[in-house]
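Chemist: These protein sequences, in sequence, are chains P, L and G. Just so we're aligned, residue 1 is where the first sequence starts under the numbering used here, counting upward by one. Just so we're aligned, residue 1 is where the second sequence starts under the numbering used here, counting upward by one. Just so we're aligned, residue 1 is where the third sequence starts under the numbering used here, counting upward by one.
It is worth saying that the hints were derived from the structure and are not from the lab. Errors might be hidden in some of the hints.
To be verified - Counterexamples of contact, computed for chain G against chain P with all Cβ distances above 10 Å:
#1 D16
#2 M53
#3 K63
#4 L67
#5 V81
#6 N82
#7 P96
#8 T99
#9 L112
#10 R162
#11 K196
#12 G227
#13 K247
Unchecked claim - Cut-off 27 Å, straight-line C-alpha distance, at most; resulting in silico cross-link-like pairs (DSS-like, lysine-lysine):
#14 G:K196 <-> G:K131
#15 G:K8 <-> L:K19
#16 P:K242 <-> L:K19
#17 G:K8 <-> L:K77
Values in this document were obtained by computation on a predicted structure and should not be read as measured data. Quick reminder that beta carbons are idealized off the backbone N, C-alpha and C, glycines included.
Here's the letter readout for the chains.
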Amino acid sequence: MPTSTQTTEADPAGAPQPSAQAAPAKAPKAVVRPGDRIFSGATLAAGILILLTLAGVALFLLAQSSETIEAQLTDPSAITGGNGFFAYVWPLVIGTLVSSAIALVVATPFALGIALFTTHMAPRRLAPALGYVIDLLAAIPSVVYGLWGLTLAGNLTGFYQWLATWFGWIPIFAPDADGAISSTGRTLLTASLVLSIMILPIITSLTREIFLQTPRLQEEAALALGATRWEMIRMAVLPFGKSGIASATMLGLGRALGETMAVAMILSPGLLTASLLVSGNQTIASEIAQNFPEAAGLRLSELISIGLVLFVITLLVNMAARAIVAKTSVKGS
Amino acid sequence: MMLTTSDNATTKTRTLTSKQLPKATPWIIAVASIIVGIGITVVATGGFSVAIAAIIAGVINLAAVLIISGAYEGRRKAVDRVATTIVTSTFVLACVPLVSLLWLTVSKGGAAINFDLLTRTMLGMKGVLDQQYVAGEASLAGGFYHAIVGTVLITFAACVISIPIGVLTAIYLVEYAGKNRLGKAITFLVDVMTGIPSIVAGLFAFALFSTILGFVMPDATGSAKTGFTASVALSVLMIPIVVRNTEEILRLVPMDLREASYALGVPKWKTIVKVVLPTSVSGILSGVTIAIARVIGETAPIMVTAGFAKTLNWNLFSGWMSTLPTYIYDSQLRPVSPGDAALASSERAWAAALVLVILVMLLNLLARFIAKVLAPKAGR
Amino acid sequence: MSKQIDIKDLDIYYGDFQAVDDVSMHIKPRSVTAFIGPSGCGKSTVLRTLNRMHEVIPGASVKGEVLMDGNNIYGAGVDPVNVRREVGMVFQRANPFPTMSIKENVLAGVRLNNKRMSKTDADDLTERALKGANLWNEVKDRLNLPGSGLSGGQQQRLCIARAIAVEPEVLLMDEPCSALDPISTLAIEDLINDLKDKYTVVIVTHNMQQAARVSDKTAFFNIAGTGKPGKLIEFNETSTIFSNPDKEETENYISGRFG
């Protein structure tokens, strides 16, 4: 600071500096130092760049989709599948939603259980280490999950056969017309299960955060009434965390919708089918990943436009999650 | 007496002691259930499947806990025990995939890896070489030196783009925005950016450069795929993480510290540079390292922006590049030699996966180390 | 229904740190006993060992005995859950369950054991407990509204109603008025006077006048210095403690010479 010329220049003849700082509202005294202007300008520019980036994502995806839009308007049969864009995209949307829903249904109870275990049940000395173990799950790159799932997919066929034998009357566990199920295990169910492991750490860490915030006094109130540990959790911890759990699940859903590699590597894709035990179905992200390297021209534009659809879906889900948080935090205060 | 109650259920003589099962009981029940579960699986299905045995064992375990504890300790204790059993088993079950994944990576990757793989590229790779390897006539050919170089270059460029933007944005949000509308909008959009699917980030970068190139040189379709495009894609994913982590750390810097500096007549920007940032530097670095660890394993955005290179490319601005994740994907799903010799490609993929996992773990450890060791001692 | 409490040679530890050293006292049934002393002297800690709530803090352990009518609550086979049903507790800050209505708050403890309570029984119990806590007239028209809508003093009385609805033998109060205004404090003090007809009440307080007003016997705790364990200095009739204590240390504290 002593070397700074800006400081001395801005000091009006030894005026009391603290008061100059404390009263910036007085118009004549509001000297803006060049250093401050440059610095605040730079930080502001960075902030605005983020605004532009997000607008850019929508804009450039739309620009590159123009070829598809044009084809849809003039010659829908040129689009993959031959029946126009919407006929092409909706099975992918269904596949994406179904796989994410399965992942969510599987992951959420586990996430709640793990969060409760690490915050309220595990020996306290071990709790941080156990939390770290779950964080490790989040650190592993998705492509390694894909590789792992691909290697293990075959091991699940025994279980799938059992499901098909006993629960084949439920459409999602039905074998195909020949009474067979996928022999490789590379089905949407396998992909969804791997997906559930991948979103598990996100939901877990968010709910763990919430459970840790449960007011100590509420927990003690329940215990002092003679509640067992589980009753205390039901009286104090879970009601307190309800909205947090909801938003954590939504954020997990957002992640599952956009997760690419688990599905792209494990699923052998095909037409939309109800059964999860035979090969078939496809998700948006996986469709892009599997076809993008060879795509050109209209096909490339199609893939970018389904990417835009995915972007919109995840945007809606994430905004819903934030809305839940915002709504409840207003009520709480 | 005022509180003499009308229902007899609660006025029974109450004692402090209650029947309690010995401490080891849950473990004994668990082990017994597993044995019975395996037995039933073998008898009922004639074969053995871990999944089925686990489901049966789990159901038996819960029923046994409920019945034994319910009969001996009462309903409330039994419910408590069942809940504890379920909650504990969710944790144990979640560890199974982690252990399995790490074990597969270490065993498969460890078996395949050697120094040559780290120093060679896929230059001149032919199916014949892999067939010879599988037949036991030659050692494993090829390698992923080019992918390591690509990973480092692309991630480095992504850091160069996103760290300044991310840190400056966080400074703007904490120090300048206050509660103004722009600040709120940026906070909201950073939230939105956190949720962008990684493949969409890749498509964005590709679309951006395709559009630009479409104006500059309309004939060069496809040349938008470069390492730099991939860096931009990764930046889109990295910036929100950097902003979030930095913002959190900057907000921890006590207001007193800033006021003390203002009271000495230090201008605001100097206060930020000389007081606020040095106080939080370890937190910021740790957050940046976490962000690097997160994006270095990304696959989808790289494959749509940088393609799959087989050979070494040091130029970020021209030509395709590989990174470790895309190399793993490419090797596993599009082996050099189809059929039995695909095993060789798969082995290279696992070796690369091992390197990638080690890299990511090291970055995570480094982040923890920075946060702990570099933290200002006086702070706490 | 109230029990006498005998504390015998009680040492309390947090991990390796000894928080309280060698406390022994006899608390008569249907009386109010006040614990006073400077901050950190261990009075709240001793109180929390009377219903084993100190176990909520990791690493806490005790040596010695706490007898309720002769039964050691640290004996083999004792379930802390049962202990806490016998020994109700009211905390420093009112802590009604925010998601429950006033009525549900009162019944929260009872419902744990008695799921299928008839509606009339539940209504009766709610009324009796709220009357017992001098709160009935103020809330009888809004029993189904959330408890968090009440004033601080009302919330604290709601917590007392919740504690006595379980029909405990002993009622522990950990500085129940420290977050309340003088009028609410007076209401609680009146209530404590009524409660001692039925319960053994033990109250921790920072306020010596409050101890003088409400208690029959007073225990003075003190601490030799930071890092040293808290000790019971004197346990005597309240009137003796405040007029003519046996120990000089007590006298110094009462007369405001330190602490």
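Chemist: If a hint holds in the structure, say so; if it does not, say that too.
Modeler: Right, here's what the structure says about each hint:
The beta carbon of G:D16 sits about 14 Å from the closest Cβ of chain P, which is more than 10 Å, so the claim that it is off the interface holds. With a least beta-carbon separation of about 6 Å from chain P, G:M53 fails to lie farther than 10 Å from that chain, contradicting its non-interface assignment. The claim that G:K63 is not at the interface with chain P holds, since no C-beta of that chain comes within 10 Å of its own (minimum 21 Å). At the 10 Å boundary, the C-beta of G:L67 stays outside the reach of chain P, the nearest C-beta of that chain being 19 Å off.
Interface exclusion of G:V81 from chain P breaks down, the closest Cβ pair being 5 Å apart, not more than 10 Å. Its beta-carbon lying about 7 Å from the closest one in chain P, G:N82 breaks the requirement of being farther than 10 Å from that chain. The Cβ of G:P96 does not lie farther than 10 Å from every Cβ of chain P; its closest approach is about 8 Å, which violates its non-interface assignment. Taking the minimum C-beta to C-beta distance to chain P, about 4 Å, the non-interface status of G:T99 is violated against the 10 Å cut.
The claim that G:L112 lies off the interface is violated: its Cβ sits roughly 6 Å from the closest Cβ of chain P, which falls inside the 10 Å cut-off. Listed as a non-interface residue, G:R162 fails to keep its Cβ farther than 10 Å from every Cβ of chain P; the least gap is roughly 7 Å. With a closest Cβ-Cβ approach of about 20 Å to chain P, G:K196 is found to remain outside the 10 Å limit, as its non-interface label requires. Listed as outside the interface, G:G227 is consistent with that label: its C-beta sits roughly 23 Å from the nearest C-beta of chain P, beyond the 10 Å cut-off.
G:K247, annotated as away from the interface, keeps every beta carbon of chain P farther than 10 Å; the closest lies near 33 Å. Restraint check for G:K196 and G:K131: the C-alpha separation of about 15 Å stays at or below 27 Å, so the hint holds. At most 27 Å may separate the alpha-carbon atoms for a hinted pair to count; G:K8 and L:K19 meet this at roughly 25 Å. Of the supplied pair hints, the one linking P:K242 and L:K19 is violated, its CA atoms being roughly 34 Å apart against a limit of 27 Å.
The hinted pair formed by G:K8 and L:K77 fails the criterion: a straight-line CA distance of about 30 Å is larger than 27 Å.
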